[in-house]
Amino acid sequence: MDDAANLERINSAATITNDSDCLSNAKLLDRTQTDLDSDSDFFTEPPTLNSSSMITDPHAHSHESGRSERGEHARKPLSSVSQIVAHAAKGACSSYVLAFGLRGGVSFLLSLTKVVKGKAKLRDSLRFLFADYVFRFSNMVGSFSFIWKLVSNYLRFRESKKVSPPVSKRSSLMIARRNAFIAGSLAGTSVLFETYENRLAVMQQFGVRALQASYNGLKARNLFSFAHGDTLLFSIACGSIMYAYVMAPDTIPKEYNNWMVQTARVSRESLAISRQNNRRIENPSKFQPIDFDTIYDCINRHGGTNAVVALQQAATAYDARIRPDGTLPIVPCSIIHPTDCNCVSYNTALAFKIMSGIAPVYATLNFVPMVLLKTRALMANPISLPLKGIRSTIVSSAFLTAYVGIYMAGICGVRNLVKYEWMHQDHKIMYYILGCIASGTSILMEKKPRRAELAMYVLPKGLQSLFLVMQRRRWIYHVPGSETALSCLSFGVLMTFYQLEPQALSPLLVRILDKVIGKY
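Its first residue numbered 1, the sequence shown is counted upward by one per residue in the UniProt record's numbering.
Just so you know, not all the hints are guaranteed correct.
As a list, the in silico DSS-like pairs of lysine-lysine whose alpha-carbon atoms are at most 30 Å apart [as the list claims (entries may be wrong)]: (1) Lys519 / Lys162; (2) Lys519 / Lys448; (3) Lys286 / Lys254; (4) Lys428 / Lys286.
Because the hints were derived from the structure by calculation, they are not lab data.
Note that the structure is a prediction, hence the values are computed from the model and not measured.
Start from the sequences, fold in the hints, and give me the full structure.
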């Protein structure tokens, strides 16, 4: 993730269980297409507009990718309430079926990777087509489409029936914005079909996209902008996530943390030992020293004799820097990756494991939406479009491999710096810095528009971790129902831009809305 976030946006190969639907929803939104045909400076690069053009022709904006012109009044209002209800019901049925096919299809094909590896049976994979979370997701999308089309068209119908003096174009634009916001906000109540965890995911993913649209709207009016924001934002958010991965795993989504542990191949016991030792270093009066029995249990479970020898060698190297209570200056590599205590060979093998493990997942996330959302284009380009999908799969797999590889190499590097006394001891800020470096360099492998989508995927998780840390320290408090209210607000903003300024949204998100929800 969590363009929603279709990413995968690091977006990716979580263990498929009934509890993993939150992450899978974000994945599905994060990669529903393999070719983004516009370049971007920060999020999406919108054409420059001025206030006069917005007033004189508020409905003629279009995407630079060749999208046909559209606006709030691109077609005439429906002529009766019965037509409006029928139109909304038809759109809801279409959205429901498509959402069901996407959600169930992606879950099923992801589960097939387990079948291929011999970890599951085919009949077990079939149940993913009709799992509870598939119906919840479809209900949410279908009801959103119905409410939005119903309210939006009814408000336009009511405005068309008013007998009043002609209003200025500025007033007409304000009315259109108000109606679009009301329709989008009311449609946002559809998130109540989802579980609390999934409502949080929806709020996070679409909340950041509402911010993205607002930023692009300001940039289009030359009010605010900055260069290379996508890479910087991705780097900062990933730094927070990677810090949480080591120091505060309970502040990031459980499924996402499970996937990170699985991908990096570092055991939870090893991470817990490192976390406890680091906390003891910084606050010895509050935290207990690490238990060496726990260390040897971890090594014996995941490593062997070589790891024990390597730990003894590290202890000898640390020598006088080991405190009387047993606190180490830093937990050595023999505990972090006891299966292979040689850092070079371990990280080399890890890269191959990540690449081979994530490629099938990215292939699924690329080709399933391609078949369902771009059927006509696929039939017209049966060679070029699949080739783009293959290229996108390779690039995204290489990106994730580089991301994890750079981070783990940095973890080993810090431990060697302490071992040879270039550093005195472990510092928790290093895990944040390494996360920023690993993400900021590896993301350059992706195309610029893709970087924006990745940033949109990881930003909610970084913000969630920050929110929980602040809540834990009693700097802020949770308000019941706030996730639903914020979801409604986010959808209100998004649908306003979608109807009036679609160029302010990412092309990927517009395509998803066009295909899944439909115009009006």
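Proposed proximity, Lys286 with Lys428 (alpha carbon, max 30 Å)
16 Å, holds
So if I understand the rule, the pair passes when the alpha-carbon distance is 30 Å or less; does Lys286 with Lys254 pass?
26 Å, holds
Measure nothing beyond the straight line between the CA atoms of Lys519 and Lys448; if it is 30 Å or shorter, mark the hint as holding.
27 Å, holds
Given the hint that Lys519 pairs with Lys162, does the C-alpha gap stay at or below 30 Å?
Judged against 30 Å, a Cα distance of about 24 Å means the pair holds.
The structure shown violates none of the earlier numbered hints.
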